[in-house]
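Q: Residues per chain, in single letters:
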Amino acid sequence: MVNPPSKPGDLNVLVIDENSIRASIIEVGLREAGYDNVTIIDDMNGLARRIMDINPDIIVIDIENPNRDMLESIFQISRVVKRPIAMFVDKSDEASIEAAVEAGVSAYIVDGLKQERVRPILKMAISRFNAYSRLTRELEETRGELENRKLIDRAKGLLMRSRGLSEDEAYALLRRTAMNQNRKIVEIAQSLITAASLLDPGTST
Amino acid sequence: MTPKHQITAGFLPLLDSALLVVAREKGFAAELGIDLALVRERSWATIRDRLAVSHFDVAHILAPMPIACNLGLTAPAPRMVVPMAMGLGGNAVTVSAGLWREMSDWGARADLDARSSGQALRQVIDHRRDERLRFAVVHPYSGHNYELRYWFSANGIDPDRDVEIGILPPPDMADALTANLIDGYCAGEPWNTLGVLHNDAHLATVKAAIWKSSPEKVLGVNSRWADGHPEALPALIQALYKASLWCGDSRNHPELADLMARPAYVGRPAESLLPALTGLLHTGGGEVLDVKDFFVPNAKAATFPWKSHALWFYTQMVRWGQVRHTAEHQKIAGDSYRPDIYRSALKAMGVALPAASAKVEGALRVETPVGSSGALTLGPDGFFDGGLFDPDDVDGYIASQTRG
Numbered sequence: 001m002v003n004p005p006s007k008p009g010d011l012n013v014l015v016i017d018e019n020s021i022r023a024s025i026i027e028v029g030l031r032e033a034g035y036d037n038v039t040i041i042d043d044m045n046g047l048a049r050r051i052m053d054i055n056p057d058i059i060v061i062d063i064e065n066p067n068r069d070m071l072e073s074i075f076q077i078s079r080v081v082k083r084p085i086a087m088f089v090d091k092s093d094e095a096s097i098e099a100a101v102e103a104g105v106s107a108y109i110v111d112g113l114k115q116e117r118v119r120p121i122l123k124m125a126i127s128r129f130n131a132y133s134r135l136t137r138e139l140e141e142t143r144g145e146l147e148n149r150k151l152i153d154r155a156k157g158l159l160m161r162s163r164g165l166s167e168d169e170a171y172a173l174l175r176r177t178a179m180n181q182n183r184k185i186v187e188i189a190q191s192l193i194t195a196a197s198l199l200d201p202g203t204s205t
Numbered sequence: 001m002t003p004k005h006q007i008t009a010g011f012l013p014l015l016d017s018a019l020l021v022v023a024r025e026k027g028f029a030a031e032l033g034i035d036l037a038l039v040r041e042r043s044w045a046t047i048r049d050r051l052a053v054s055h056f057d058v059a060h061i062l063a064p065m066p067i068a069c070n071l072g073l074t075a076p077a078p079r080m081v082v083p084m085a086m087g088l089g090g091n092a093v094t095v096s097a098g099l100w101r102e103m104s105d106w107g108a109r110a111d112l113d114a115r116s117s118g119q120a121l122r123q124v125i126d127h128r129r130d131e132r133l134r135f136a137v138v139h140p141y142s143g144h145n146y147e148l149r150y151w152f153s154a155n156g157i158d159p160d161r162d163v164e165i166g167i168l169p170p171p172d173m174a175d176a177l178t179a180n181l182i183d184g185y186c187a188g189e190p191w192n193t194l195g196v197l198h199n200d201a202h203l204a205t206v207k208a209a210i211w212k213s214s215p216e217k218v219l220g221v222n223s224r225w226a227d228g229h230p231e232a233l234p235a236l237i238q239a240l241y242k243a244s245l246w247c248g249d250s251r252n253h254p255e256l257a258d259l260m261a262r263p264a265y266v267g268r269p270a271e272s273l274l275p276a277l278t279g280l281l282h283t284g285g286g287e288v289l290d291v292k293d294f295f296v297p298n299a300k301a302a303t304f305p306w307k308s309h310a311l312w313f314y315t316q317m318v319r320w321g322q323v324r325h326t327a328e329h330q331k332i333a334g335d336s337y338r339p340d341i342y343r344s345a346l347k348a349m350g351v352a353l354p355a356a357s358a359k360v361e362g363a364l365r366v367e368t369p370v371g372s373s374g375a376l377t378l379g380p381d382g383f384f385d386g387g388l389f390d391p392d393d394v395d396g397y398i399a400s401q402t403r404g
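Same order as they appear, the protein sequences are chains Y and U. Mind the numbering: the first sequence is residues 1 to 205 in our numbering, read in order. Mind the numbering: the second sequence is residues 1 to 404 in our numbering, read in order.
One should not assume that every hint holds.
Stated by the list, open to error - With a cut-off of at most 35 Å between alpha-carbon atoms, the simulated DSBU-like pairs for lysine-lysine come out as follows:
1) U:K307 to U:K292
2) U:K347 to U:K307
3) Y:K184 to U:K4
4) U:K331 to Y:K114
5) U:K4 to U:K292
6) U:K26 to U:K307
As the list claims (entries may be wrong) - These stretches of chain Y come out as covered by chain U in the derived footprint (C-beta under 8 Å, 3 or more residues):
7) 54-66
8) 97-111
By construction, these hints were calculated from the structure, which means they are not laboratory data. The beta carbon of each residue, even a glycine, is placed where N, CA and C say it ideally should be.
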């Protein structure tokens, strides 16, 4: 058994993530926290060979990676010097493992490494994974908002043409209807557009 | 009706996740008051982890995996129970066009016979001068790994010395074959059929030829959830049993292939899923062969969690050095399967149930009626080399096992 290194910066950390942007976000975080020995793998070619060369103390891998089964089998091969084991539902720290799985992080830790030396790395990975998901979600929401605005503009156009309203009056009518029915303006706009296209396929296009 | 039970199940995109898919899509779950949510995953490790942290209540899982979990082979984890199997058979051994040509030169026939194809492979290996042949399976604790190794060994091939066996995700296997990264693989469907149809591969043999009526996927359940949901689990077993009856009816096979082909499930064309259901397999080079009992979703007590299946997997874990044989380990393995839960859930439905919880594997050479009602037949369940596994003599079986 090889003794695990004793200084924080000496830990050999490997991050495996096919999402190279997320991988580099984690790498930056770990380097800022004083982990100098961080390797990133975002391309799965020759994974087994490279892990044996890197010989990591800790592996952080995104939980959706289909190569996790292969990764775990690599650790069973006796010629690997250090044999990391899956870190999950260690009875002492179930909550943090659940947080990791929730965030989409899984980790493998070389046998003998103390829990308290691993925890900061895992916490870092979890927070960066979560930050990344939040970013992508916000991006999607922004895209969704743009779509919504287009729908509302079309509904306003319909009302302006069919009822002879000004733009402001058309929007006020949409908003009032939404409030009265306890629905979102975009839902009213959508049903208006649908109704118009049903009644007269020419109007909505 | 408002559902009484909310159940979340994980699955991998494979044909034998059909019981869960059909229970949801054909309304069998809803009829029993279950709102069944299905979540597709990309690795068995993640299925196991999400079961462990209760993201999933139950899952479609490799039969040996809950046993490996309970033996502590993967990581410290909550106890898993197996109250039901998800069918018998369904795998094949697929080889590259090049390897098949060499095997044919040594007498391999296109009939998927496990003896003649295995002997031909042995000849190829004996006469090879360059590096070892490489094979891939889906997981170290899988039926695939153990049946491939059994087939090798019984044909005089040492699975660790004479060949290399690695792990790959099933959807990558056929491409790995084309790229010459591997020479063959053992996987479930549709991944063999797709390899034959699109990657010029050839079937060498099938699970049903290596060991007839043999176990493959099971329903894995986190024991904490099982203990906390004494009504939901029996209801789910009943829904899955009804789904298995539907899947076993040949009139439903075209619809089942269409259902499984949907992007949310396997996401591959129905034509690649139908052969495993009808048994009319593409073996390579445009040939089609009728394989009896290739995949059995319901008949022959296909969903019964036989303790002898659990114990056979355990003997293979011992054989290949994954775990040391002790009386305690053997007990943990056997106790992972829970035919008692299965029986009590299905008795009320009037399902014909096996009276025993274990059987001598390989003893039934022909289809045999069992039980007083006569509604149930078992077998044939033979190993291709004539081997017998008596679950009452695990010590003797382990002692008799060789490597190849």
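Q: Each hint needs a verdict: does it hold in this structure or not?
A: Verification of the supplied hints:
For a cut-off of 35 Å, the pair hint linking U:K307 to U:K292 stands: about 25 Å separates their Cα positions. Annotation: proposed proximity of U:K347 to U:K307 holds, straight-line Cα distance about 19 Å (limit 35 Å). Under the criterion of a C-alpha separation no larger than 35 Å, the hint pairing Y:K184 with U:K4 is consistent with the structure, at around 31 Å. Taken as a hint, the U:K331 and Y:K114 pair is honoured in the structure, with Cα atoms around 32 Å apart against an allowance of 35 Å.
With a C-alpha separation of about 40 Å, the suggested pairing of U:K4 with U:K292 is violated against the 35 Å cut-off. With a C-alpha separation of about 30 Å, the suggested pairing of U:K26 with U:K307 holds against the 35 Å cut-off. Requiring three or more residues with a Cβ within less than 8 Å of a Cβ of chain U, the coverage given for the region 54-66 of chain Y holds, as 4 such residues are present. Look at the region 97-111 of chain Y against chain U: 5 of its residues bring a Cβ nearer than 8 Å to a Cβ of that chain, three or more, so the hint holds.
Violation of the numbered hints given earlier is confined to hint 5; every other hint is satisfied by the structure.
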